[in-house]
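Enquirer: Now for the letters of each chain:
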Amino acid sequence: MRKGLFYGLLFTSPAILGFLIFTLGPMIASLVLSLTDYNVFREHTAFVGFDNYSKLFSGEDELFYKSLGVTFYFVLLRVPAVIFISFVIALLLNLNVRGRALFRTIIYLPSIVPAVASAMIWMWLLNPDLGLANSLLRWLHLPAGSWLYSEGSVIPSVVLTTLWGIGGTVIIFLAGLSGIPKQYYEAIEVDGGGWYSKLRHITIPMVTPTIFFNTIMTIIGSFQVFNEAYILTQGGPNNKSLFFVFYLWRTGFRDTEMGYASALAWVLFIIILFFTLIVFKTSKSWVHYEGGERT
Amino acid sequence: MFIIPFVWLLRSSLMDLSQIFTMPPEWIPKPFHWDNFHRALTTLPFGTFFTNTLIIVVSVLVGTVVTSSIAAFGFSRIQWKGRDAIFGILMSSMMLPAAVTLIPSFLGWKMLGFYDTYYPLIVPAYFGGGIFNIFLLRQFYLTIPRDFDEAAFVDGATYFQIYMRIIMPLSRSVLIVVSLFSFLGSWNDFMGPLIYVKSDSLFTLALGLQMFQGTYTAQWDLLMAASAAVVLPCVIVFLIGQRYFLEGITLTGLKG
Numbered sequence: 001m002r003k004g005l006f007y008g009l010l011f012t013s014p015a016i017l018g019f020l021i022f023t024l025g026p027m028i029a030s031l032v033l034s035l036t037d038y039n040v041f042r043e044h045t046a047f048v049g050f051d052n053y054s055k056l057f058s059g060e061d062e063l064f065y066k067s068l069g070v071t072f073y074f075v076l077l078r079v080p081a082v083i084f085i086s087f088v089i090a091l092l093l094n095l096n097v098r099g100r101a102l103f104r105t106i107i108y109l110p111s112i113v114p115a116v117a118s119a120m121i122w123m124w125l126l127n128p129d130l131g132l133a134n135s136l137l138r139w140l141h142l143p144a145g146s147w148l149y150s151e152g153s154v155i156p157s158v159v160l161t162t163l164w165g166i167g168g169t170v171i172i173f174l175a176g177l178s179g180i181p182k183q184y185y186e187a188i189e190v191d192g193g194g195w196y197s198k199l200r201h202i203t204i205p206m207v208t209p210t211i212f213f214n215t216i217m218t219i220i221g222s223f224q225v226f227n228e229a230y231i232l233t234q235g236g237p238n239n240k241s242l243f244f245v246f247y248l249w250r251t252g253f254r255d256t257e258m259g260y261a262s263a264l265a266w267v268l269f270i271i272i273l274f275f276t277l278i279v280f281k282t283s284k285s286w287v288h289y290e291g292g293e294r295t
Numbered sequence: 296m297f298i299i300p301f302v303w304l305l306r307s308s309l310m311d312l313s314q315i316f317t318m319p320p321e322w323i324p325k326p327f328h329w330d331n332f333h334r335a336l337t338t339l340p341f342g343t344f345f346t347n348t349l350i351i352v353v354s355v356l357v358g359t360v361v362t363s364s365i366a367a368f369g370f371s372r373i374q375w376k377g378r379d380a381i382f383g384i385l386m387s388s389m390m391l392p393a394a395v396t397l398i399p400s401f402l403g404w405k406m407l408g409f410y411d412t413y414y415p416l417i418v419p420a421y422f423g424g425g426i427f428n429i430f431l432l433r434q435f436y437l438t439i440p441r442d443f444d445e446a447a448f449v450d451g452a453t454y455f456q457i458y459m460r461i462i463m464p465l466s467r468s469v470l471i472v473v474s475l476f477s478f479l480g481s482w483n484d485f486m487g488p489l490i491y492v493k494s495d496s497l498f499t500l501a502l503g504l505q506m507f508q509g510t511y512t513a514q515w516d517l518l519m520a521a522s523a524a525v526v527l528p529c530v531i532v533f534l535i536g537q538r539y540f541l542e543g544i545t546l547t548g549l550k551g
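These protein sequences, in sequence, are chains E and P. According to this note's numbering, the residues represented by the first sequence are 1 to 295, in order. According to this note's numbering, the residues represented by the second sequence are 296 to 551, in order.
Everything labelled a hint here was simulated from the structure, so no lab data went into it. Check each hint, because a few of them may be wrong.
[Stated by the list, open to error] Derived lysine to any residue pairs resembling SDA-like cross-links, with alpha carbons at most 20 Å apart: (1) K376(P) <-> F19(E); (2) K405(P) <-> A29(E); (3) K3(E) <-> T453(P); (4) K493(P) <-> F253(E); (5) K493(P) <-> V40(E); (6) K405(P) <-> L24(E); (7) K325(P) <-> L132(E); (8) K493(P) <-> R250(E); (9) K3(E) <-> Q456(P).
[Stated by the list, open to error] From chain E, some residues computed to sit far from chain P (all C-beta separations above 10 Å): (10) A144; (11) I188; (12) G193; (13) P205.
Quick reminder that beta carbons are idealized off the backbone N, C-alpha and C, glycines included.
With the rest of the complex left out, here is chain P (with noise of 0.2 Å):
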């Protein structure tokens, strides 16, 4: 069940018309048309989409680890009044439903003049780089002994070197699941596209794999091949951080 769509997903990629018609339906391409991928990558200009999409995932991706492991360290390992209460505030944004603040975010960056560019999709992860990445990081933070912390500053380390020398060496297979999670939303975002961006030089994979879509209704075996290789990267990510993604999540604490 789980995995039939994929597997329908490649062999038609690797098909032409007439086979993938064929009723009963075959499941190994014959022969195999590798020029599908050629010629559904080269119909719309995926390679200016993928550098596009790759320029935004990367940006988000520095913005979240950094800004959320510093917000989480704050939330953690110091000591201050009214801590807990603010972590709380953030922590209800959640239930927030995006479409609130949807219409407004939208004018604001409108009237500032950057409609139509990546800012408004970028910018956003350098301020705590979302609640909930703070707060499986957070809760990671928690795990750690608070010894390590007295013991530093016995010997006059600063907050900023316990959390450089100490606390991000130690979390670093959950730094790998907030860095997954961030690829995998901005890679996968579809609204935040749709909504800003507007000039097709701009677009992403996610946007030109739509467009491709609304153009070419028929070439099932191009809009497969094309559909194929906006997949395929996010498997292969997945695949290389699996091990620390599925145990990151059960390691820190979504148990309830």
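Chain E on its own, in the form it takes in the complex (with noise of 0.2 Å):
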């Protein structure tokens, strides 16, 4: 239309504009600033090509290989547990049951409690001496844990927290079932099929674009958990939970090796572009659109 391609510039030119100054920008300054050994309170700055990734990778840096490791048993743990908790969730949601819209803001509501806030519930709850958890273990005559507190169950107890703010994938489930048309399961049902067959042959191939951008997002999340691991561990015990983000923030901003730091972050960009382009390839094979192929 007149003079389209003048007001679409203006239109959008604030998201530009942001997108260069606050992302590209930084891109390429993150990129240029890992291969120095930029530190706050070094007096000059020295251009040391890939010393920063060679260190990294040559295993002179234990703390690097080690926060990797804790990262990636946390996303390993995490991702498939939010996933196929948040789908039976959104399946019994998706049942004609009452009350289903308060069941629905129920299970929501943890994921809009701020992150201080939730950890400081989680830390009492699961509190060694003093929790509800160990209460209940022990009045239930089970073995209490240490959570937190323990090398071996510091990981697993950090999924569980985030466990608790599962709403958000729940509800994009929901919204992907309820995009099934009913003719499909009438269909089933007059040949005679019972829930199982639904669900095998309608729910789950028709819910795989959901299942797929659910997990894209859920590893993305994942490796980038910062939140938890500040305020639940500090990295403890025993770096048992040195989060990757973590170990960074500590790098870039206490110990002030803002090059170092930078090589980090790019570091787990890579990463991060290597498991989602791993999951767009093998999606092929598991994702079904109706219609034929959408993106």
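Take the two lone chains, each set in its own frame, and fit them into one complex as the hints suggest.
Expert: Encoded structure:
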């Protein structure tokens, strides 16, 4: 239409400028910084080429591998748990039960609680001596746990606390479920199929695009967990919950090694990109779009 | 499972220390210690923290709603060369971890002399208001029939008039969704203030609560009362807007 290009650019210019100033610019700056030894308190900054990266991968920095390991373990544990549990909850909420809206609200509510507040609630629920979790276990004559305070259980415990905030994922699953045409289920009923055939042959295939979306978002989010690490554990015990972004923050802002921390950030970016691409690649074989390919 | 932590928080915030630790746990405070809230909120200047948080939240909200809806209009209701390519590039930036831009952004704001101010937390919201919000609004705008614009054009309306008079009034519900996301996002933001704010007098609720936790580790009654006070406004705002919120997410095409 008339002067489309001029008006198009005019309306989108804040967003485009924002992208250039707050995303692309810092991205390039971060790449350059990662090739220097920039430290707030060092007089001179030198260009060190790939020294930061070789220091990372050579094993000289033990904490790098440690934090990578912690983060991978967390992602591996959390992503399937989030997807499976939120899918099951969404299926239950999608049933035609009384009070569905209320349940939906209750499930969503925890995900709006500020991270600091929810961390404090969980620190207390999981307190080994005084927490509700252990009181219940003792009452059931089960062995009590040390939760966030032992090397073995700290990551599963953090996963547990983040599962409380699963509501957003559930809602997106519900949106996916509500988009399935009712006729499909009626067809299965005519053929005499029960709930299992419905789930197996209609619900799951039809909801694969949503599973795909949620999986990507959960992976991206899980790799970047910070608040829980900072508030719940500060990386302890014995660095067993030294999450990657927490380690990055500590390196950059507490130790002020900002060149080195920028290299850490780029490693994280490449890792996230890699896993996202893998999910994208494999999605061709398991994601079904109604009416052919759609992206 | 989802409600128990809330109940636990609320009951503990109204008990005295000895009752909190009674075994087996009791669920009803006896008596109700309403003064916990008063004590918790006066130990630290939570009033100031509240005002600070409100200043940031409102500023971010205005910037987000205005610029993201304008951008979404440009990306959906105006035809222009390169539009979809640029939108694609912006969308792909959602995959970029915040950590990558964190350090240069910090150094940039510091160089400009804006460390320990709210500018780093507020200004970015006035430049597009987040690509996810633009995406949500664009998806919605694409469902509005084009005939509306055509008819307005024939009557001599400008793009800006179409945006103000036709598109905005039709997108009330999705704008509420964007506002809620924006409100919750900046109310709950922890890392942003942690990095940019140094002075106690500029602390937000999230930072204040964290500081409170460090100082009063053993005062569980006060800790729980303070947490409840921070959670409550979120819950109220959510309950008011939840009808739009939950349905808005559904209708804006997050179906994949």
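Enquirer: Take the hints in turn and mark each one as holding or not.
Expert: Status of the hints after comparison with the structure:
1. Restraint check for K376(P) and F19(E): satisfied, since their Cα atoms lie roughly 19 Å apart, inside the 20 Å limit.
2. Proximity of K405(P) to A29(E) is assessed by CA-CA distance (about 15 Å); at most 20 Å being required, the pair is judged to hold.
3. A C-alpha spacing of about 11 Å is found between K3(E) and T453(P), which places the hinted pair at or below 20 Å, so the restraint holds.
4. Under the criterion of a C-alpha separation no larger than 20 Å, the hint pairing K493(P) with F253(E) is consistent with the structure, at around 13 Å.
5. Restraint check for K493(P) and V40(E): satisfied, since their Cα atoms lie roughly 17 Å apart, inside the 20 Å limit.
6. Note on K405(P) and L24(E): the hinted pairing holds, with a Cα-Cα distance of about 18 Å set against a maximum of 20 Å.
7. Note on K325(P) and L132(E): the hinted pairing holds, with a Cα-Cα distance of about 19 Å set against a maximum of 20 Å.
8. Among the hinted pairs, K493(P) with R250(E) is consistent with the structure: their alpha-carbon atoms are about 16 Å apart, no more than 20 Å.
9. Note on K3(E) and Q456(P): the hinted pairing holds, with a Cα-Cα distance of about 15 Å set against a maximum of 20 Å.
10. With a minimum CB-CB distance of about 12 Å to chain P, A144(E) clears the 10 Å threshold, and the non-interface call stands.
11. The beta carbon of I188(E) is kept farther than 10 Å from every beta carbon of chain P, the shortest such distance being approximately 21 Å.
12. For G193(E), the shortest C-beta to C-beta distance to chain P comes to about 24 Å, beyond the 10 Å cut-off, and the non-interface label holds.
13. Even its closest Cβ contact with chain P, about 13 Å, leaves P205(E) beyond 10 Å, as expected for a residue assigned away from the interface.
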